[in-house]
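Undergrad: Letter by letter, the chains look like this.
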Amino acid sequence: AQKVTQAQTEISVVEKEDVTLDCVYETRDTTYYLFWYKQPPSGELVFLIRRNSFDEQNEISGRYSWNFQKSTSSFNFTITASQVVDSAVYFCALSEAVNNNDMRFGAGTRLTVKP
Amino acid sequence: DTEVTQTPKHLVMGMTNKKSLKCEQHMGHRAMYWYKQKAKKPPELMFVYSYEKLSINESVPSRFSPECPNSSLLNLHLHALQPEDSALYLCASSQDSQRDTQYFGPGTRLTVL
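If you're matching them up, the sequences are chains B and W in order. In terms of the working numbering, the first sequence is residues 8 to 122. In terms of the working numbering, the second sequence is residues 47 to 159.
Just so you know, the hints here were simulated from the structure itself, not pulled from any lab data. Just to be clear, a hint being listed does not mean it is correct.
Just so you have them, the derived chain B footprint on chain W, three or more residues with Cβ under 8 Å [said to hold, decoys possible]:
#1 89-98
#2 115-127
Using 25 Å as the maximum straight-line C-alpha spacing, the simulated DSS-like pairs for lysine-lysine come out as follows [stated by the list, open to error]:
#3 Lys-55/W x Lys-45/B
#4 Lys-82/W x Lys-64/W
#5 Lys-68/W x Lys-10/B
#6 Lys-87/W x Lys-55/W
#7 Lys-10/B x Lys-55/W
#8 Lys-87/W x Lys-99/W
#9 Lys-68/W x Lys-99/W
#10 Lys-84/W x Lys-68/W
#11 Lys-64/W x Lys-45/B
#12 Lys-121/B x Lys-10/B
#13 Lys-87/W x Lys-121/B
#14 Lys-86/W x Lys-121/B
#15 Lys-84/W x Lys-45/B
#16 Lys-45/B x Lys-99/W
#17 Lys-77/B x Lys-23/B
#18 Lys-10/B x Lys-64/W
#19 Lys-10/B x Lys-65/W
#20 Lys-77/B x Lys-68/W
#21 Lys-121/B x Lys-23/B
#22 Lys-45/B x Lys-65/W
Small disclaimer: the values here were computed from a predicted structure and weren't measured. Using N, Cα and C, we set each Cβ at its ideal position, and we do this for glycine too.
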């Protein structure tokens, strides 16, 4: 069965610091999809990125960047020059293609950015 | 437009009440989902509708009854709930399947007294 581990339960940084959120996954499928979502205090899950298993290119979007490494089954998320508005719970999730299983979320990492 | 709307935002109900949660999307998506999220936990999948047919029911108690009147609407009918059902209920939609990106609504915060 697919599994997503976010070992960091809570992280606290000071504004402008860089921070990396870790995500490690397990799957038997060769085709799968990885996601990151942000959940601010308001509750809505905001989609950040989707990556398929055949695309190991790292991606950068503004202050956000993602490092996908199949060799270590990791899909880490880095926020550069963090801001108070980045404070939220961040979820990593995995969906397998072949079995069409439901999308499994990690436990989430609560990020607090202090001014 | 990646908007999924949910009503109501907040709901307080007694254990004998009957209420419904509503979800709507106009992105032409053919898959819609209900999730339940308890405090400090990740969302848990409850139901999946694919092309207006229920495809996954994650062993959810019968006091929760989903309905998909058309491809844009998804309802969750609630009856005889328990206090432990208090949670954030999230609706999501995706283009075709769970391999596609799911877009979430703002959720309904449900309190069962």
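Undergrad: Now tell me if each hint is right for this structure.
TA: Hints, verified against the model:
1. For the segment 89-98 of chain W, the stated coverage by chain B holds: 3 residues have a C-beta nearer than 8 Å to a C-beta of that chain, and at least 3 were required.
2. Requiring three or more residues with a Cβ within less than 8 Å of a Cβ of chain B, the coverage given for the segment 115-127 of chain W is violated, as only 0 such residues are present.
3. The straight-line distance between the Cα atoms of Lys-55/W and Lys-45/B is roughly 19 Å, inside the 25 Å bound, and the hint therefore holds.
4. This hinted pair checks out: Lys-82/W and Lys-64/W have alpha carbons roughly 18 Å apart, not beyond 25 Å.
5. The suggested pairing of Lys-68/W with Lys-10/B is violated, with an alpha-carbon distance near 30 Å, which exceeds 25 Å.
6. As the CA atoms of Lys-87/W and Lys-55/W are separated by approximately 19 Å, the hinted pair is consistent with the 25 Å bound.
7. A hinted pair counts as satisfied when its Cα atoms are at most 25 Å apart, and Lys-10/B with Lys-55/W does not qualify at roughly 31 Å.
8. The suggested pairing of Lys-87/W with Lys-99/W is violated, with an alpha-carbon distance near 28 Å, which exceeds 25 Å.
9. Our distance criterion of 25 Å between C-alpha atoms is met by Lys-68/W and Lys-99/W, whose separation comes to about 17 Å.
10. A hinted pair counts as satisfied when its Cα atoms are at most 25 Å apart, and Lys-84/W with Lys-68/W qualifies at roughly 19 Å.
11. For the given pair, Lys-64/W sits about 32 Å from Lys-45/B by alpha-carbon distance, which is inconsistent with the 25 Å threshold.
12. As the CA atoms of Lys-121/B and Lys-10/B are separated by approximately 31 Å, the hinted pair breaks the 25 Å bound.
13. Restraint check for Lys-87/W and Lys-121/B: the C-alpha separation of about 23 Å stays at or below 25 Å, so the hint holds.
14. Taking the CA atoms of Lys-86/W and Lys-121/B, the gap is about 20 Å. The hint holds against a cut of 25 Å.
15. For the suggested pair Lys-84/W and Lys-45/B, the alpha carbons sit about 16 Å apart, so the restraint of at most 25 Å is met.
16. Taking the CA atoms of Lys-45/B and Lys-99/W, the gap is about 29 Å. The hint is violated against a cut of 25 Å.
17. Taking the CA atoms of Lys-77/B and Lys-23/B, the gap is near 30 Å; set against the 25 Å cutoff, the hint is violated.
18. Restraint check: the Cα-Cα separation between Lys-10/B and Lys-64/W comes to about 36 Å, which exceeds 25 Å; the hinted pair is violated.
19. For the proposed pair Lys-10/B and Lys-65/W, the alpha carbon gap of about 34 Å is over 25 Å, so the pair is violated.
20. Using a Cα cut-off of 25 Å, the hinted pair Lys-77/B and Lys-68/W is violated, with the two alpha carbons roughly 39 Å apart.
21. Between Lys-121/B and Lys-23/B the alpha-carbon distance is near 9 Å, which keeps this suggested pair within the 25 Å criterion.
22. A C-alpha spacing of about 29 Å is found between Lys-45/B and Lys-65/W, which places the hinted pair above 25 Å, so the restraint is violated.
Consistency note: the structure conflicts with the earlier hints numbered 2, 5, 7, 8, 11, 12, 16, 17, 18, 19, 20, 22.
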